[in-house]
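Asker: Sequences and hints are given; from them, build the entire structure.
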Amino acid sequence: MGYFWLARTPSASMTWISGLAAACRAITGNSGRPKGAQQALGCGQPTEPAATGGDSGEQLGGPRLPALPNALLEILVKILALALLDNTLPALKGSTSGTFAAFGYFSTLRTSTNRRYIRELHAMFGTQAPQQTTLSESDYDSIHLWAKAVQKARTASTNAVVKAMAGQTFYAPRGRMTVNGRTRHVAQHIYLGQAQPNGTYKIRHDFGLIKPGPQCAF
0 MGYFWLARTP SASMTWISGL AAACRAITGN SGRPKGAQQA LGCGQPTEPA ATGGDSGEQL
60 GGPRLPALPN ALLEILVKIL ALALLDNTLP ALKGSTSGTF AAFGYFSTLR TSTNRRYIRE
120 LHAMFGTQAP QQTTLSESDY DSIHLWAKAV QKARTASTNA VVKAMAGQTF YAPRGRMTVN
180 GRTRHVAQHI YLGQAQPNGT YKIRHDFGLI KPGPQCAF
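Residue numbers (numbering that gives the first Met the number 0): 0 to 217.
Hints were generated in silico from the structure; no laboratory data involved.
These numbers come from a predicted model, not from an experiment.
Hints should not be assumed to be uniformly reliable.
What the hints assert, rightly or not - Derived lysine to any residue pairs resembling SDA-like cross-links, with alpha carbons at most 25 Å apart:
{"#": "1", "residue 1": "Lys-151", "residue 2": "Gln-193"}
{"#": "2", "residue 1": "Lys-147", "residue 2": "Lys-77"}
{"#": "3", "residue 1": "Lys-77", "residue 2": "Gln-167"}
{"#": "4", "residue 1": "Lys-147", "residue 2": "Asn-158"}
{"#": "5", "residue 1": "Lys-210", "residue 2": "Ser-111"}
{"#": "6", "residue 1": "Lys-77", "residue 2": "Lys-201"}
{"#": "7", "residue 1": "Lys-151", "residue 2": "Gln-130"}
{"#": "8", "residue 1": "Lys-151", "residue 2": "Thr-107"}
{"#": "9", "residue 1": "Lys-92", "residue 2": "Arg-203"}
{"#": "10", "residue 1": "Lys-77", "residue 2": "Pro-196"}
{"#": "11", "residue 1": "Lys-210", "residue 2": "Trp-145"}
{"#": "12", "residue 1": "Lys-151", "residue 2": "Asp-138"}
{"#": "13", "residue 1": "Lys-162", "residue 2": "Arg-183"}
{"#": "14", "residue 1": "Lys-162", "residue 2": "Asn-179"}
{"#": "15", "residue 1": "Lys-162", "residue 2": "Ala-146"}
{"#": "16", "residue 1": "Lys-151", "residue 2": "Arg-175"}
{"#": "17", "residue 1": "Lys-92", "residue 2": "Arg-175"}
{"#": "18", "residue 1": "Lys-77", "residue 2": "Arg-183"}
{"#": "19", "residue 1": "Lys-210", "residue 2": "Tyr-170"}
{"#": "20", "residue 1": "Lys-92", "residue 2": "Thr-107"}
{"#": "21", "residue 1": "Lys-147", "residue 2": "Gln-127"}
{"#": "22", "residue 1": "Lys-92", "residue 2": "Gln-193"}
Unchecked claim - Pair by pair, the computed Cβ-Cβ distance ranges are:
{"#": "23", "residue 1": "Lys-162", "residue 2": "Lys-92", "range": "26 to 34 Å"}
{"#": "24", "residue 1": "His-143", "residue 2": "Arg-109", "range": "19 to 27 Å"}
{"#": "25", "residue 1": "Arg-153", "residue 2": "Phe-124", "range": "27 to 35 Å"}
{"#": "26", "residue 1": "Thr-112", "residue 2": "Asn-197", "range": "34 to 42 Å"}
{"#": "27", "residue 1": "Thr-107", "residue 2": "His-143", "range": "18 to 26 Å"}
The beta carbon of each residue, even a glycine, is placed where N, CA and C say it ideally should be.
Answerer: Below, the structure written as structure tokens:
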């Protein structure tokens, strides 16, 4: 049985949150189901820590389990951080080694599109350019999706671009993304990364294309 502690986050996108339960299960492998706090997370709403100072005694998707002694938790606990970005790891000097994170993008993704993205970024801004994260790379994606919609609409008029945005697909550094015409959120890949001693993430699993939840409609 594997256990995890869920770090707090001020806000989260629903597509990202949709992959977290699967990420927790992937951490433990096939030998058991992860234990932690199950909590409803709204789109962009602040959340409280899912667990503080120990195991919550809740099993995701299952019955309540007895709490474990802290000494045993120190051995079994695996940390799934919700906001530990790529550019944070080097500053923590390896203290995060082994920590898991689930994001739509990691700078270490080994795809031809991401390698080209990093290469062109360095060519334009130098090798000391800020390390890319799921937040900064998403701006790049958004600009390209907007440009594709403008080209389709043949105008930059807001209403026309919004209409043209529906169904747009862009093969981004993070992988394929498609805009949902009703919610205007994107279906995208979610990845599970594990922090390494050298201050980078190693991709452990690709959960595939995850659709945004219907509760995100606005």
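Asker: Holds or violated: 18 to 26 Å for the Cβ distance of Thr-107 and His-143?
Answerer: 21 Å, holds
Asker: Quick one, are Lys-92 and Thr-107 close enough, alpha carbons at most 25 Å?
Answerer: 18 Å, holds
Asker: Taking 26 to 34 Å as the stated bounds, is the beta-carbon spacing between Lys-162 and Lys-92 within them?
Answerer: Roughly 49 Å apart at Cβ, these two residues miss the hinted range, so it is violated.
Asker: Going straight from one Cα to the other, do Lys-210 and Trp-145 come out at no more than 25 Å?
Answerer: 20 Å, holds
Asker: Is Lys-92 close enough to Arg-175, meaning Cα to Cα at most 25 Å?
Answerer: Distance ~33 Å between Lys-92 and Arg-175 Cα, so the pair is violated.
Asker: Is it true that the CA of Lys-151 sits at most 25 Å from the CA of Thr-107?
Answerer: Violated, at about 32 Å.
Asker: Within 25 Å, alpha carbon to alpha carbon, are Lys-77 and Arg-183?
Answerer: Violated, at roughly 34 Å.
Asker: Starting from Lys-210, check that the Cα of Ser-111 is at most 25 Å away, please.
Answerer: With Cα atoms ~23 Å apart, Lys-210 and Ser-111 stay inside 25 Å; holds.
Asker: Decide if the proposed pair is consistent with the structure: Lys-162 and Ala-146, CA atoms, cutoff 25 Å inclusive.
Answerer: 13 Å, holds
Asker: Lying within 34 to 42 Å: is that true of the beta-carbon distance Thr-112 to Asn-197?
Answerer: At 24 Å between Cβs, range violated.
Asker: Does the Cβ pair Arg-153, Phe-124 satisfy 27 to 35 Å?
Answerer: 32 Å, holds
Asker: Next pair to validate is Lys-151 with Gln-130; report whether the Cα-Cα distance is within 25 Å.
Answerer: Judged against 25 Å, a Cα distance of about 32 Å means the pair is violated.
Of the hints listed earlier, those the structure fails to meet are numbers 1, 2, 3, 7, 8, 17, 18, 21, 23 and 26, in rising order.
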